[in-house]
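Novice: Sequence:
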Amino acid sequence: MRLTTKGRFAVTAMVDLATRGGKSPVTLSSISDRQSISLSYLEQLFGKLRRNNIVESVRGPGGGYYLARSASKISIAEIVLAVDEPLDATKCGGMGNCHGEEKQCITHDLWMGLNEKILDYLESVNLQQLVDSANKQMAGESTIVLTKMNKPNAPLM
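With our numbering applied, the sequence shown covers 11 to 167.
Calculated directly from the structure, the hints in this document are not laboratory data.
Errors might be hidden in some of the hints.
As the list claims (entries may be wrong) - Mimicking SDA-like on lysine to any residue, the simulated pairs with C-alpha atoms at most 25 Å apart in a straight line are:
| # | residue 1 | residue 2 |
| --- | --- | --- |
| 1 | Lys16 | Glu112 |
| 2 | Lys16 | Ile116 |
| 3 | Lys58 | Thr29 |
| 4 | Lys58 | Thr37 |
| 5 | Lys127 | Cys102 |
Just so you know, these numbers come straight off a predicted model, no measurement behind them.
Let's have the full structure, built from the sequences with the hints guiding it.
Specialist: The structure is reproduced here in structure tokens:
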């Protein structure tokens with residue numbers, strides 16, 4: 011299983027938006043330029059993010075997108091799932107019919123467990139943590155430590 015460009019680009023664009031957002035909306039064209047992501051692709055992703063109440067938009071001159079709520083309240087899992095990124099390591103899509111109608115493969119439980127761990131990890135990281143990490147990188151700090159959402163000082167595995 012791997013995260014496709016859809017999920018990676020959505021998270022990258024959201025970190026960009028969160029670092030540059032604030033009082034005024036951020037245009038997708040500016041995110042596109044900074045992150046080298048196709049504008050039309052960003053439009054598709056942000057349409058899904060807007061429908062899932064992760065971002066809000068303003069039309070017209072000076073318009074763009076901004077976060078629908080605080081970056082600390084948006085998990086990375088929420089972003090990835092909003093753009094329809096499958097977080098599934100199973101062959102059967104979690105249905106348990108890997109080898110036909112009623113028979114699952116002998117490693118089905120292993121892959122289902124991996125799915126749970128991936129989701130748990132992505133739920134434990136919030137957008138603000140990635141923004142803070144990006145800001146440290148831009149400031150020239152080489153050590154980046156992410157923390158869990160529920161335990162502010164506990165390092166992630």
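Novice: Taking the hints in turn, state whether each one holds.
Specialist: Hint check:
1. Straight-line distance between C-alpha atoms of Lys16 and Glu112 comes to about 32 Å, which puts the hinted pair past the 25 Å bound.
2. A hinted pair counts as satisfied when its Cα atoms are at most 25 Å apart, and Lys16 with Ile116 does not qualify at roughly 30 Å.
3. Note on Lys58 and Thr29: the hinted pairing holds, with a Cα-Cα distance of about 20 Å set against a maximum of 25 Å.
4. Straight-line distance between C-alpha atoms of Lys58 and Thr37 comes to about 16 Å, which keeps the hinted pair within the 25 Å bound.
5. This hinted pair checks out: Lys127 and Cys102 have alpha carbons roughly 18 Å apart, not beyond 25 Å.
The structure does not agree with the numbered hints 1 and 2 stated previously, though it agrees with the rest.
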